[in-house]
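Generate the whole structure from the sequences, applying the supplied hints.
2 protein chains.
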Amino acid sequence: MSTEFPYEVISEAQFEQHRARYEPLTVAMRRLIDAALVTDADEATVRAARDKIEQAARLLERHRRSTPIPAIHEDSGRPVVWTNPVVGLRNPISPPVVIEYDGDGRCYADFTLGDAYQGPPGWVHGGICALVLDHILGEAATAGLTQPKFTGTISLRYLRGTPLGRLRAEAWVERVEGVKTFARGQISDADGVTVEAEGVFIMPAWARDAG
Amino acid sequence: MSTEFPYEVISEAQFEQHRARYEPLTVAMRRLIDAALVTDADEATVRAARDKIEQAARLLERHRRSTPIPAIHEDSGRPVVWTNPVVGLRNPISPPVVIEYDGDGRCYADFTLGDAYQGPPGWVHGGICALVLDHILGEAATAGLTQPKFTGTISLRYLRGTPLGRLRAEAWVERVEGVKTFARGQISDADGVTVEAEGVFIMPAWARDAG
Numbered sequence: 001m002s003t004e005f006p007y008e009v010i011s012e013a014q015f016e017q018h019r020a021r022y023e024p025l026t027v028a029m030r031r032l033i034d035a036a037l038v039t040d041a042d043e044a045t046v047r048a049a050r051d052k053i054e055q056a057a058r059l060l061e062r063h064r065r066s067t068p069i070p071a072i073h074e075d076s077g078r079p080v081v082w083t084n085p086v087v088g089l090r091n092p093i094s095p096p097v098v099i100e101y102d103g104d105g106r107c108y109a110d111f112t113l114g115d116a117y118q119g120p121p122g123w124v125h126g127g128i129c130a131l132v133l134d135h136i137l138g139e140a141a142t143a144g145l146t147q148p149k150f151t152g153t154i155s156l157r158y159l160r161g162t163p164l165g166r167l168r169a170e171a172w173v174e175r176v177e178g179v180k181t182f183a184r185g186q187i188s189d190a191d192g193v194t195v196e197a198e199g200v201f202i203m204p205a206w207a208r209d210a211g
Numbered sequence: 001m002s003t004e005f006p007y008e009v010i011s012e013a014q015f016e017q018h019r020a021r022y023e024p025l026t027v028a029m030r031r032l033i034d035a036a037l038v039t040d041a042d043e044a045t046v047r048a049a050r051d052k053i054e055q056a057a058r059l060l061e062r063h064r065r066s067t068p069i070p071a072i073h074e075d076s077g078r079p080v081v082w083t084n085p086v087v088g089l090r091n092p093i094s095p096p097v098v099i100e101y102d103g104d105g106r107c108y109a110d111f112t113l114g115d116a117y118q119g120p121p122g123w124v125h126g127g128i129c130a131l132v133l134d135h136i137l138g139e140a141a142t143a144g145l146t147q148p149k150f151t152g153t154i155s156l157r158y159l160r161g162t163p164l165g166r167l168r169a170e171a172w173v174e175r176v177e178g179v180k181t182f183a184r185g186q187i188s189d190a191d192g193v194t195v196e197a198e199g200v201f202i203m204p205a206w207a208r209d210a211g
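Note that the protein sequences, when read in sequence, are chains A and B. Sequential numbering of the first sequence, starting at 1, is according to full-length UniProt numbering. Sequential numbering of the second sequence, starting at 1, is according to full-length UniProt numbering.
By construction, these hints were calculated from the structure, which means they are not laboratory data. From the three backbone atoms N, C-alpha and C, an ideal C-beta is built for every residue, glycine too. Worth double-checking, as some hints may not be accurate.
As the list claims (entries may be wrong) - Just the calculated beta-carbon pair ranges, DEER-fashion:
| no. | chain 1 | residue 1 | chain 2 | residue 2 | range |
| --- | --- | --- | --- | --- | --- |
| 1 | A | 204 | B | 193 | 16 to 26 Å |
| 2 | B | 204 | A | 8 | 42 to 52 Å |
| 3 | A | 146 | B | 163 | 22 to 32 Å |
| 4 | A | 204 | B | 192 | 11 to 21 Å |
| 5 | A | 112 | B | 51 | 17 to 27 Å |
| 6 | A | 179 | B | 24 | 40 to 50 Å |
| 7 | A | 208 | B | 153 | 27 to 37 Å |
| 8 | B | 188 | A | 182 | 23 to 33 Å |
Here it is as C-alpha cells:
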C-alpha cells in the first residue's frame, strides 16, 4: 500500500489474538448501548449503572496507548481498521458491517441495524444509510482500502424507507478515468433496493507518483 | 405536527428531569467508548472491564420499556429525538450534534468529533460527514423536524479532508417547489468549508392532505 501513514504488518495469528481480546469488549458495549436506549430505569438504577461504566472506563484508561497504529494484514495486504465507525471490530458505533470481497472488484455486506441507528420510528436514519454507502463504495474503489483514495463526491437516492433489521449493502467500480474512480452501490432489504449511491473517489496528489 | 406516529407531549420540566437522569449515562458511555478505542489493556483487565459493562447492561435491561414513545416538546413544538444517532442525548453514537435554529430557517451546530468518528488517521470518516449533513439538512428542510419530510436525494462534495476536533455544520432551505424542499449545507473547520451538501426532501403522500 502506498501511504504516508505509519503502519505495522500483523499476521493472521496476531489478528486473531487481538480480536479475541477486544471484540467481546465491543460486543458488551453494543449490548449496553441497546439497553440504555430503551430503559426507563429510575434514578438510583441509572446511577448504579453509570458507576459500573465509569469503573470500566477507568480500568481501560490506565492502559492508554499514546497513538493508535494502523495495521496491515499480512495475508490480505488490507488495512485492519480496528476503530473504524462502520467496520471496526473495536468501535461499538459500528454495527459492524463485515465486508466480503468478490474476486471481480465487487464487495458486499450483510448486516443488522437496531435501535441505535433509527431515524423515524422503525426506519434507519437516512444519514446512517449514507455512512454505510460512503464506506462500502470506498472499499470497492480502493480494492479493500489497499489504494489511497478519498471521496470526491457521493450522491444518494432514497427510493423508499430502509427498515431496521437485516440489510445488505453492495458496491462495485463502474470505471476508472485517470485519478478518478467511479463507484456505485446500494442498500437493500428482503423486498429490494432502498437506497442507491454513486461516488467519485480520487487518488491524492502525494500518491500519484508513488506507483 | 402531522404524523402517523404516536407521541406524547412533554413540558420543559419533564424534559429537564429526563435529561438530568439519562444524559450523564450517555456521557459515561461516550467516555467508555473513547477509552476502549485506544486501550492496550491486557486480557485480565479487558475481562474485568467487560464484567462491569455487562453488569451495567443487566441493571438497565431489568427496566426495559416495551416501545420507545416519541415525545414532542410542549414549548418548541419540536420532537425530542432522545435516541437519534446524530443529535440524541440518550445515544452515545451521537457526538451529539446540538442544533441551534435561527429565526429565518437556517440552523447550525458547533460540535466535536473524536477518535470514534475517524476514517483515515487524523481525519473524520467521510461517511460521518454525510451522516451529520443528511441530518442537519433534514432539520432545515422540516423546520426542526416539525414537518414530515423524508430525504429524496442528497449529494456531497468533499473539498478537502475534515480534521478530527471542533467543527461547525450549517444548513438552510434554498427553495420549496410543491412537495419538494431543496436544502443546502456545509461542514467547516477553523480554515473554512470542508464538505458541501445539497438535498431534496419530500413530503410523504400520507401528509399531503393532512394540512
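Evaluation of the provided hints:
The given range of 16 to 26 Å is respected by residue 204 of chain A and residue 193 of chain B, whose C-beta atoms sit roughly 19 Å from each other. Distance hint for residue 204 of chain B and residue 8 of chain A: a CB-CB separation of about 50 Å, consistent with the stated range 42 to 52 Å. For the hinted restraint 22 to 32 Å between residue 146 of chain A and residue 163 of chain B, the CB-CB distance of approximately 24 Å keeps it satisfied. A hinted range of 11 to 21 Å holds for the C-beta pair residue 204 of chain A and residue 192 of chain B, which are about 19 Å apart.
Our hint of 17 to 27 Å for residue 112 of chain A and residue 51 of chain B holds, since their Cβ atoms are close to 25 Å apart. Between residue 179 of chain A and residue 24 of chain B the C-beta distance comes to about 48 Å, which sits within the given range of 40 to 50 Å. Between residue 208 of chain A and residue 153 of chain B the beta carbon distance is about 32 Å. The supplied range of 27 to 37 Å therefore holds. The supplied range of 23 to 33 Å is met by residue 188 of chain B and residue 182 of chain A, whose beta-carbon atoms lie about 27 Å from each other.
Checked against the numbered hints listed earlier, the structure breaks none of them; every hint is satisfied.
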